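Trainee: With the hints as your guide, set chain S onto chain X.
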Amino acid sequence: MSVDRAIARRGVIDALPLFVPAIPFGLVIGLAITNTGMNPFVGWSGSWLIFGGAAQLTLVTLLGGGVAVAAAVGTALVVNARHLMYSAALAPTFQRQPRWFRWFGPYLLIDQLFALTTVRLDDEPDSFRAYYLAVGATFWILWSVVVALGLLLGPVVPEQWNLEFAIPILFIGLLVLGIEHWPELVAALAGAGVTYLAAGLPNRTGLLVGAFIGMIAGFVAERIRRE
Amino acid sequence: MSDFLATAVVGLGTYLFRAIFIVALAKRRIPETVLVALKYVGPAVLGALIVALLTDSDGNVAIGIPEVAAFVAGGFVAHRTRSHVWTLVVGMTVYWLTLALI
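In the order they appear, the protein sequences are chains X and S. Taken in order, the first sequence gives residues 1 to 227; the numbers are from this note's numbering. Taken in order, the second sequence gives residues 1001 to 1102; the numbers are from this note's numbering.
This is chain X alone, in the form it adopts within the complex (with noise of 0.2 Å):
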């Protein structure tokens, strides 16, 4: 066996693991497309579209529930802007690989591929390219798969069950892990509470208002933390 192909094989052994805590969050996506509404097709589309579960999981809960399509799409794009903290950090490590490699590499760059190379960026190029290349590939071939298992279980499940409270819980969850500072809570409970204030603006602008004002007082928050 070629060097690179067990290095391929140790991205897949390394992204299964991780995996794992993903299929609760496909699921209730899965299950959010068919409460929306929304085409099923269409819908699992953003598994590959957009490759990243959070903003395919804002975006279908914000079309289904009458929000502005076109602060929908703003909501979605912020909550995956912290890509570009990974773009910059991966960056110089891209700077050695074949041009095609620049290219492709970044679609797959999801949050759990990101922290799986952050430990291999001074590998050698080849065998960079073949366990970024690995672990990619597991994760956005479980990831569609998942994310359709919970289009057939969604028609399934009883209403009564009100999964789609599921959602909130989930972020939660991401919030609760997100917290490593009192700033981070500021931002948070400042993003919540101008969002409650503001819930009557049209098209439900409020939730960008809300998100904009929550992450200026992360920073105002960061600074007093830093003084």
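Hints in this document: simulated from the structure, not taken from any laboratory. Since the model is a prediction, treat every value here as computed from it, not as a measurement. Warning: the hint list may mix true and false statements.
Stated by the list, open to error - With the Cβ distance kept under 8 Å, some of the chain X side facing chain S (calculated, not the full set):
{"hint": "1", "residue": "Phe25"}
{"hint": "2", "residue": "Met38"}
{"hint": "3", "residue": "Asn39"}
{"hint": "4", "residue": "Arg82"}
{"hint": "5", "residue": "Trp100"}
Backbone N, C-alpha and C fix where the C-beta goes; we use that ideal spot for every residue, glycine too.
Mentor: Here is chain S on its own, set in the frame of chain X:
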């Protein structure tokens, strides 16, 4: 069709976020201020989204004892276990129980 277009636009935007420094701006550094601000996009958006998801089409926020109980329980479990599976299981169980009891 507009749903598909919206999905495609988010997909394209996400790709641009992921690709811009790798493909085009490898020598550029993100200003420190932007990096700090980006750190707070996630928590701010999630906080806002949770409230938005509980808002109906008339702009009323439906949050009662079951929702609050489920958020507290789910948040606590997420903090302790760092597991989405357990967060979901405990959060939904508490939600169903409080709904049934009230």
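Trainee: Compare the structure with each hint and give your call.
Mentor: We went through each hint and held it up to the structure:
no.: 1; hint: Phe25; verdict: holds, 6 Å
no.: 2; hint: Met38; verdict: holds, 6 Å
no.: 3; hint: Asn39; verdict: holds, 7 Å
no.: 4; hint: Arg82; verdict: holds, 6 Å
no.: 5; hint: Trp100; verdict: violated, 11 Å
Checked against the numbered hints given earlier, this structure breaks only hint 5.
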